[in-house]
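*Asks:* Sequence:
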Amino acid sequence: MDRDIPLKGLLSIILRSHRVFIGRELGHLNLTDAQVACLLRIHREPGIKQDELATFFHVDKGTIARTLRRLEESGFIEREQDPENRRRYILEVTGRGEEIIPLILKVEERWEDLLFRNFTDDERRIFREMCRRLAEEGLRIRGDEP
Numbered sequence: 015m016d017r018d019i020p021l022k023g024l025l026s027i028i029l030r031s032h033r034v035f036i037g038r039e040l041g042h043l044n045l046t047d048a049q050v051a052c053l054l055r056i057h058r059e060p061g062i063k064q065d066e067l068a069t070f071f072h073v074d075k076g077t078i079a080r081t082l083r084r085l086e087e088s089g090f091i092e093r094e095q096d097p098e099n100r101r102r103y104i105l106e107v108t109g110r111g112e113e114i115i116p117l118i119l120k121v122e123e124r125w126e127d128l129l130f131r132n133f134t135d136d137e138r139r140i141f142r143e144m145c146r147r148l149a150e151e152g153l154r155i156r157g158d159e160p
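Going letter by letter, the sequence shown gives residues 15 to 160 in our numbering.
The hints are simulated quantities; they were obtained by calculation from the structure and are not laboratory data. Watch out, some of these pointers could steer you wrong.
[Claimed, not checked] Simulated restraints on C-beta separations:
#: 1; residue 1: 16; residue 2: 109; range: 45 to 51 Å
#: 2; residue 1: 65; residue 2: 136; range: 21 to 27 Å
#: 3; residue 1: 101; residue 2: 138; range: 39 to 45 Å
#: 4; residue 1: 15; residue 2: 154; range: 39 to 45 Å
#: 5; residue 1: 37; residue 2: 113; range: 17 to 23 Å
#: 6; residue 1: 132; residue 2: 100; range: 50 to 56 Å
#: 7; residue 1: 22; residue 2: 92; range: 20 to 26 Å
#: 8; residue 1: 156; residue 2: 109; range: 19 to 25 Å
#: 9; residue 1: 46; residue 2: 101; range: 42 to 48 Å
#: 10; residue 1: 141; residue 2: 37; range: 21 to 27 Å
#: 11; residue 1: 37; residue 2: 69; range: 33 to 39 Å
#: 12; residue 1: 152; residue 2: 46; range: 33 to 39 Å
Remember, it's a predicted structure, so these values are computed and weren't measured experimentally. Virtual Cβ for every residue (Gly too), placed ideally from N, Cα, C.
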């Protein structure tokens, strides 16, 4: 691989490779990597509001609404109007969604294990921490405080 690839290009290669890996491993579920990320977050935080999910992923409400609509149409999540604010939706993973969570977690773990197979545990930990710090700085630069 060319050593002169800018940081943006390197990150893009990693993210596109993840997208391909997820598509190959979970293609039979017809889930995109964005849908997988949303499903996992809703699983980890049952009852999360749709707008909170958009904030968590730092995407606009329209993008998250489209992603969630597809998950709902596939039967993996339920969106229910918030009784306190009819413009907000409360999100829950359905039984069908819960059934596939272990598979998704296993695939994500396998991705990370493959990605970091030439790293020591300490290098892996340090790299993750550095990425977290870079992500926080990126949010500050664009005007979204982490």
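*Asks:* Please go over all the hints and tell whether each is borne out by the structure.
*Replies:* Verification of the supplied hints:
{"no.": "1", "hint": "16 / 109: 45 to 51 Å", "verdict": "holds, 48 Å"}
{"no.": "2", "hint": "65 / 136: 21 to 27 Å", "verdict": "violated, 38 Å"}
{"no.": "3", "hint": "101 / 138: 39 to 45 Å", "verdict": "holds, 42 Å"}
{"no.": "4", "hint": "15 / 154: 39 to 45 Å", "verdict": "violated, 30 Å"}
{"no.": "5", "hint": "37 / 113: 17 to 23 Å", "verdict": "holds, 20 Å"}
{"no.": "6", "hint": "132 / 100: 50 to 56 Å", "verdict": "holds, 52 Å"}
{"no.": "7", "hint": "22 / 92: 20 to 26 Å", "verdict": "violated, 37 Å"}
{"no.": "8", "hint": "156 / 109: 19 to 25 Å", "verdict": "violated, 38 Å"}
{"no.": "9", "hint": "46 / 101: 42 to 48 Å", "verdict": "violated, 26 Å"}
{"no.": "10", "hint": "141 / 37: 21 to 27 Å", "verdict": "holds, 24 Å"}
{"no.": "11", "hint": "37 / 69: 33 to 39 Å", "verdict": "violated, 27 Å"}
{"no.": "12", "hint": "152 / 46: 33 to 39 Å", "verdict": "violated, 22 Å"}
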